[in-house]
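Protein chains: 4
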Amino acid sequence: MSTRPFQRISAPLGTSLAIVGLIAVAALTTPDLPERTRHNLEILLVGIWAAYLLQLAETLIVPRSVDFRDRIPSVTVDVLAVAVPFAAFLFVGRRDQSLYCAVWLLKPLRYSTFFRLLGRVVRNEARNLIGVTSIFGIVLFGAALAAYVIERDAQPERFGSIPQAMWWAVVTLSTTGYGDEIPQSLAGRVLAGLVMMSGIGIFALWAGILATGFYEEVRRQDFVRNWQLVAAVPLFQRLGSAALVEIVRSLRARVVPAGTVICRKGDVGDQMFFIVEGHVSVATPEPVDLGAGSFFGEMALITGEPRSATVSAVTEVSLLSLYAVDFQVLTSSNPDIADAIRKTAIERRGAVPKE
Amino acid sequence: MSTRPFQRISAPLGTSLAIVGLIAVAALTTPDLPERTRHNLEILLVGIWAAYLLQLAETLIVPRSVDFRDRIPSVTVDVLAVAVPFAAFLFVGRRDQSLYCAVWLLKPLRYSTFFRLLGRVVRNEARNLIGVTSIFGIVLFGAALAAYVIERDAQPERFGSIPQAMWWAVVTLSTTGYGDEIPQSLAGRVLAGLVMMSGIGIFALWAGILATGFYEEVRRQDFVRNWQLVAAVPLFQRLGSAALVEIVRSLRARVVPAGTVICRKGDVGDQMFFIVEGHVSVATPEPVDLGAGSFFGEMALITGEPRSATVSAVTEVSLLSLYAVDFQVLTSSNPDIADAIRKTAIERRGAVPKE
Amino acid sequence: MSTRPFQRISAPLGTSLAIVGLIAVAALTTPDLPERTRHNLEILLVGIWAAYLLQLAETLIVPRSVDFRDRIPSVTVDVLAVAVPFAAFLFVGRRDQSLYCAVWLLKPLRYSTFFRLLGRVVRNEARNLIGVTSIFGIVLFGAALAAYVIERDAQPERFGSIPQAMWWAVVTLSTTGYGDEIPQSLAGRVLAGLVMMSGIGIFALWAGILATGFYEEVRRQDFVRNWQLVAAVPLFQRLGSAALVEIVRSLRARVVPAGTVICRKGDVGDQMFFIVEGHVSVATPEPVDLGAGSFFGEMALITGEPRSATVSAVTEVSLLSLYAVDFQVLTSSNPDIADAIRKTAIERRGAVPKE
Amino acid sequence: MSTRPFQRISAPLGTSLAIVGLIAVAALTTPDLPERTRHNLEILLVGIWAAYLLQLAETLIVPRSVDFRDRIPSVTVDVLAVAVPFAAFLFVGRRDQSLYCAVWLLKPLRYSTFFRLLGRVVRNEARNLIGVTSIFGIVLFGAALAAYVIERDAQPERFGSIPQAMWWAVVTLSTTGYGDEIPQSLAGRVLAGLVMMSGIGIFALWAGILATGFYEEVRRQDFVRNWQLVAAVPLFQRLGSAALVEIVRSLRARVVPAGTVICRKGDVGDQMFFIVEGHVSVATPEPVDLGAGSFFGEMALITGEPRSATVSAVTEVSLLSLYAVDFQVLTSSNPDIADAIRKTAIERRGAVPKE
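Chains as they are written, first to last, in our numbering: chain F, 1 to 355; chain C, 1 to 355; chain Y, 1 to 355; chain U, 1 to 355.
Warning: the hint list may mix true and false statements.
No copy labels: a pair is met if it fits in one copy or bridges any two.
[To be verified] Okay, derived cross-link-like pairs now, SDA-like style, lysine to any residue, Cα gap no bigger than 25 angstroms in a straight line: (1) 265 <-> 113; (2) 343 <-> 12; (3) 343 <-> 57; (4) 343 <-> 127; (5) 343 <-> 41; (6) 265 <-> 97; (7) 343 <-> 89; (8) 265 <-> 124; (9) 343 <-> 186; (10) 265 <-> 88; (11) 265 <-> 49; (12) 265 <-> 94; (13) 343 <-> 49; (14) 265 <-> 75; (15) 265 <-> 20; (16) 265 <-> 82; (17) 265 <-> 312; (18) 343 <-> 91; (19) 343 <-> 293; (20) 265 <-> 35; (21) 343 <-> 257; (22) 265 <-> 142.
Since the hints were derived computationally from the structure, they do not count as laboratory data. Quick caveat: nothing in here was measured; it's all calculated off a predicted structure.
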């Protein structure tokens with residue numbers, strides 16, 4: 001927990017440094033660069049490299065609560081980010097040594113949870129993705145063979161061998177269409193039309209598989225995360241596990257930084273909030289402070305009236321929000337929770353007279 | 001409520017003026033335009049500008065029921081639509097001043113609810129969209145770097161630096177394929193094939209995320225809106241909230257202008273209707289007038305026979321429609337509602353003899 | 001009902017004639033066509049025209065059970081298919097008169113139910129489709145304006161006016177990329193990259209909206225159709241409407257021509273069948289004939305063994321099939337149906353000894 | 001069962017041989033190939049051919065448990081893979097005879113189950129896919145006709161006939177955009193813009209239909225397969241069929257080779273496992289061996305603690321895995337199963353003290 005603030009700072013900084021570094025790498029390859037600019041850019045790269053060296057040191061020295069094995073991927077990225085440019089500095093000529101800083105492309109993979117998510121989707125759908133890729137390969141080779149047979153006599157310099165025809169096939173099948181190799185015969189053009197249509201179909205299959213797999217994995221991860229958060233809200237603790245499953249499915253987790261206005265007086269509200277961690281301040285005539293386990297915003301869902309007070313985050317707050325639709329489902333099947341929420345609402349309404 | 005008719009007129013008018021204005025802006029840039037045409041087009045622009053000035057005045061002067069803060073976006077658009085062309089008129093030479101009228105592109109954003117919807121989807125899916133965009137960036141830079149290394153010696157004028165190679169990479173990764181920069185070596189072409197396939201995959205991920213996010217947000221908004229409308233139908237008011245949730249999910253809201261034929265005698269009906277606001281006329285031998293809270297079209301769902309009478313809107317009518325599939329679900333789980341609907345149907349059938 | 005066989009024949013014939021006719025129209029436009037071929041093709045067109053005239057006569061004369069108003073679209077297509085070429089014959093020169101036969105493109109719209117389905121989807125999703133199209137328009141104009149400002153001095157012959165730049169913008173935004181207009185400056189290329197990415201995003205939104213809308217409409221139509229078919233199966237008639245809804249959702253309708261083998265002895269079965277209309281023959285040692293209201297194939301779902309006999313259609317058969325997954329759901333929540341099916345299965349097993 | 005190990009080896013081998021063979025075929029078409037290389041490649045092809053001959057022999061001679069009729073597709077592929085190259089060797093000149101080895105493209109179809117899946121999806125969605133393809137055809141012909149009329153006078157060598165214009169139309173509608181035929185007039189460019197937008201729309205429809213159909217078919221197949229596996233787990237056998245359906249929907253089947261680490265001590269667990277076939281070893285201080293019908297990994301789901309021991313596969317293991325979300329649903333609606341799992345968990349916790 002103690003290293004969390006550090007991580008909060010280091011994630012955007014680490015990514016920004018990578019972006020700046022990669023821009024410098026790209027700039028260094030432009031021809032006719034004045035020697036002075038080149039020199040400054042190289043110093044910039046050395047600076048970023050030094051920052052990454054510090055980060056590596058911090059990563060290795062400061063103890064973490066996480067098991068070391070779980071940190072292998074990020075430590076590997078950190079080591080590579082330092083070692084590869086250093087090795088290039090030692091063994092590669094000046095012209096190309098900066099190119100090896102492109103290893104910093106891996107840095108964002110270290111911070112984002114998205115890539116882990118993507119990895120799981122690809123693993124779950126591997127069988128289908130391989131299947132579609134096989135079709136891609138079969139159509140590609142078949143199209144190249146047919147184009148070779150059809151066009152080799154008319155355009156020997158473009159379709160004179162299957163590898164050459166395959167270049168045409170991949171450019172056409174992906175509907176990129178550079179236009180450097182174009183079949184001229186009628187048969188070749190009919191073939192090209194069919195290849196384009198196959199390309200669209202294969203693309204559509206790919207999109208369908210990835211979209212479906214993505215959607216399922218996101219839902220599953222949300223469930224696991226919310227399950228842990230729900231345990232921190234007293235109101236939910238006395239529920240049976242069937243009701244709990246329902247609630248966990250309904251809630252959406254959100255983290256807001258200190259100072260954020262969570263809901264504003266006069267707005268039409270379509271969600272209520274449960275506080276998992278942190279404090280919020282309710283701007284009633286006598287401001288009220290709510291902490292972990294409290295909830296607010298329920299009145300807008302019960303009465304349909306606009307928000308009666310502005311609520312803002314005092315500290316960084318971890319929230320679970322419940323939309324109107326799910327609130328209705330929840331309260332209708334769990335009269336206990338409904339009663340508890342309504343009782344609080346009535347008490348508050350007494351305490352907070354509406355202007 | 002009193003400004004609603006005005007808004008009804010102003011929305012399509014405001015958008016049409018913007019379209020006409022933008023066409024004029026485009027026309028003014030064509031070379032060799034006769035001075036007379038140019039003059040007329042400029043007068044047209046001034047006219048549209050004057051109309052927008054009037055609209056701005058109306059917006060600021062006439063009081064609205066909505067809170068001012070909620071109107072900030074549309075007021076901002078209105079102010080910009082007037083101020084930017086005026087500033088251009090003062091400070092920019094004649095050749096380019098009309099270009100600043102392009103700020104009218106923002107006008108449609110003011111009227112449509114679609115953009116608010118899209119904004120929410122993008123906010124909800126921000127984490128995943130940023131993730132895919134990062135992949136796009138990483139593949140883009142990696143591809144440009146590889147293409148630069150592979151092709152720089154063979155085609156120095158096209159792949160001579162990473163920024164140049166990046167142009168090729170973005171054109172290929174988006175499968176646009178202008179054909180101005182094409183790798184010639186075998187390695188470059190294999191790389192290009194992989195980049196095209198990655199492009200399709202990234203596109204597919206993007207489509208999947210947006211489609212999923214869109215679908216969920218639309219369903220949520222429909223629920224909130226229908227929830228408010230359902231309260232106006234007496235038949236539904238005695239239901240428990242579990243049944244109410246079910247109904248709200250099933251209904252589809254629709255607004256039809258006065259005079260519309262809602263269902264036509266002899267048609268096969270697959271939905272029944274509940275009136276939220278307005279009046280309809282049932283063209284039986286003795287025409288019947290139905291008002292808010294009534295329902296019609298239920299017989300087609302109960303007996304499966306074609307519509308026995310034509311129903312048309314007398315005033316603008318706000319309707320909730322219930323499809324056959326949902327009607328069955330609803331009546332099977334709520335015998336009360338089923339009885340009420342059937343009783344009305346039998347009474348009507350007595351009153352409206354079938355020809 | 002009596003005209004059904006005629007329709008069965010006329011649908012593929014009408015479509016085939018249209019295809020042949022359109023190929024002839026296309027062929028007639030090729031330059032240097034020998035006069036003799038031209039003559040023959042024209043005679044072919046006249047023949048198809050005569051066939052459509054006959055069809056129009058049949059449509060107008062033979063009485064139909066359907067209400068005339070419902071037939072307006074198809075009658076309109078039939079009238080146009082005859083009238084437009086005839087008018088062209090009278091008033092247009094010989095070179096172009098055959099082009100007017102392209103009105104036959106409308107013929108497939110007359111037969112397929114797909115276009116009605118598509119029409120409903122577009123109507124349901126109109127608001128969202130218009131929204132995305134607006135974004136397309138806004139990005140298009142914005143991109144053209146920016147490209148014009150950026151590139152007009154460097155490439156006046158390509159980006160010299162907004163309409164010219166708009167051609168580049170539409171070619172790029174749709175990721176078509178002809179390559180005839182390409183920005184050369186750095187700013188122009190960054191703009192182009194952003195436009196390509198927007199194009200992919202807009203495309204993704206479009207795909208998501210259409211896919212979702214399509215899916216919902218297909219499910220709704222299936223439900224309405226199956227609902228009517230289920231009424232013909234005695235086994236289902238004593239069910240309450242809640243169970244009926246469940247069954248209607250599970251079943252899939254299918255029509256097979258006479259002679260088709262519906263299931264084959266020894267196959268692994270994952271569905272059972274209910275006969276709505278027609279007869280099937282079960283190839284047991286003593287062949288059994290089953291008619292409307294019967295079911296078969298249930299044993300494979302109960303015991304998991306391969307099919308014990310081949311079943312083929314004696315007449316054209318309208319079937320409802322029930323997959324293993326839905327069979328389990330159905331029988332577990334409706335013990336009555338489960339008992340009835342199991343009893344029949346046991347009787348049959350007695351009668352049909354397994355080899 | 002006895003031929004299973006052979007199949008396990010033959011599937012990747014058969015596919016690899018096909019890939020190597022096709023690369024050789026492609027290489028043989030490159031011009032100016034040294035005679036020696038050509039000779040070696042031809043010997044390679046003969047070798048692969050011989051391997052396929054062996055495989056064919058094995059297929060025909062060794063008896064299989066599967067019905068012969070079910071094997072027709074794969075036997076056909078095997079026969080063609082041998083017969084076509086042999087016939088080409090006899091009757092075709094040396095230059096082209098190797099091309100006939102491209103029949104080996106069919107080999108992957110023989111092994112993968114993906115193609116059968118795809119076949120079913122296409123069959124199920126045939127009506128809609130044909131509908132979209134008709135739209136594609138109609139738009140294609142309409143666009144070609146319009147482009148021909150608009151551009152024939154300005155560019156007779158490119159748009160001089162409908163077939164020529166159709167080449168432009170297919171290249172544009174698929175957003176390939178070679179850039180060899182480009183409309184020059186304003187009307188032609190507006191047409192092109194509309195064609196590109198239609199292309200994107202058609203693509204979106206296609207993607208939506210395939211994605212939906214694919215998703216439904218995959219779910220159905222998973223259900224049928226899991227249904228059979230669940231029968232092998234004693235814990236599930238006493239459940240009623242309603243609960244069984246629920247479980248079968250929740251489980252995910254997986255086969256892991258011997259030696260795989262299934263879960264690792266210290267990991268956060270989000271799933272538990274049921275063994276259908278094979279043995280695993282639990283690396284507790286006194287290693288425990290679990291066989292078919294056992295389950296493990298339940299503690300992580302009950303307590304939320306990290307895995308307390310590493311589990312690895314001793315033999316090839318067929319597993320059913322249950323995710324946290326489904327575990328909660330399952331145990332909340334089936335107290336019996338919940339009790340059985342918890343009891344085992346407590347016993348094990350006694351036996352396996354946590355470090």
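We went through each hint and held it up to the structure:
Proximity of residue 265 to residue 113 under the C-alpha cut-off of 25 angstroms is restricted to the inter-copy arrangement: shortest distance 22 angstroms between copies versus 35 angstroms within a copy. In this homomeric assembly, residue 343 and residue 12 never come within 25 angstroms of each other (Cα to Cα): the closest approach is 44 angstroms inside a single copy and 47 angstroms across copies. In this homomeric assembly, residue 343 and residue 57 never come within 25 angstroms of each other (Cα to Cα): the closest approach is 55 angstroms inside a single copy and 47 angstroms across copies. Within a single copy, residue 343 and residue 127 get their C-alpha atoms no closer than 53 angstroms, and across copies no closer than 37 angstroms, so neither meets the 25 angstroms cut-off.
Taking the shortest Cα distances, residue 343 and residue 41 never come within 25 angstroms of each other, neither inside one copy (65 angstroms) nor across copies (65 angstroms). Neither within a single protomer nor between protomers do residue 265 and residue 97 lie at most 25 angstroms apart by alpha-carbon distance, with minima of 58 angstroms and 42 angstroms respectively. In the homo-oligomer, the alpha carbons of residue 343 and residue 89 never lie at most 25 angstroms apart, since the shortest distance is 70 angstroms inside one protomer and 61 angstroms across protomers. In this assembly of identical chains, residue 265 and residue 124 lie within 25 angstroms of each other by CA distance solely across copies; the values are 22 angstroms between and 45 angstroms within a copy.
Taking the shortest Cα distances, residue 343 and residue 186 never come within 25 angstroms of each other, neither inside one copy (78 angstroms) nor across copies (63 angstroms). Taking the shortest alpha-carbon separations for residue 265 and residue 88, neither the intra-copy value of 59 angstroms nor the inter-copy value of 38 angstroms comes in at or below 25 angstroms. Taking CA atoms no more than 25 angstroms apart as the test, residue 265 paired with residue 49 passes in neither setting, with 49 angstroms inside one copy and 36 angstroms between copies. Neither within a single protomer nor between protomers do residue 265 and residue 94 lie at most 25 angstroms apart by alpha-carbon distance, with minima of 62 angstroms and 47 angstroms respectively.
Proximity of residue 343 and residue 49 under a CA criterion of 25 angstroms is satisfied in neither setting, with 59 angstroms inside one chain copy and 55 angstroms between copies. Only between protomers do residue 265 and residue 75 lie at most 25 angstroms apart by alpha-carbon distance; the minimum there is 20 angstroms, versus 47 angstroms within a single protomer. In this assembly of identical chains, residue 265 and residue 20 lie within 25 angstroms of each other by CA distance neither inside one copy nor across copies; the values are 42 angstroms within and 40 angstroms between. In the homo-oligomer, the alpha carbons of residue 265 and residue 82 never lie at most 25 angstroms apart, since the shortest distance is 51 angstroms inside one protomer and 31 angstroms across protomers.
In this assembly of identical chains, residue 265 and residue 312 lie within 25 angstroms of each other by CA distance solely inside one copy; the values are 11 angstroms within and 42 angstroms between copies. Taking the shortest alpha-carbon separations for residue 343 and residue 91, neither the intra-copy value of 73 angstroms nor the inter-copy value of 62 angstroms comes in at or below 25 angstroms. Proximity of residue 343 and residue 293 under a CA criterion of 25 angstroms is satisfied intra-copy only: 16 angstroms inside one chain copy versus 32 angstroms between copies. For the homomeric pair residue 265 and residue 35, neither the shortest alpha-carbon distance inside one copy (59 angstroms) nor that between copies (55 angstroms) is at most 25 angstroms.
Proximity of residue 343 to residue 257 under the C-alpha cut-off of 25 angstroms is found in neither arrangement, the shortest distances being 30 angstroms within a copy and 44 angstroms between copies. Taking the shortest alpha-carbon separations for residue 265 and residue 142, neither the intra-copy value of 65 angstroms nor the inter-copy value of 37 angstroms comes in at or below 25 angstroms.
Checked against the numbered hints above, the structure violates hints 2, 3, 4, 5, 6, 7, 9, 10, 11, 12, 13, 15, 16, 18, 20, 21, 22; every other hint is satisfied.
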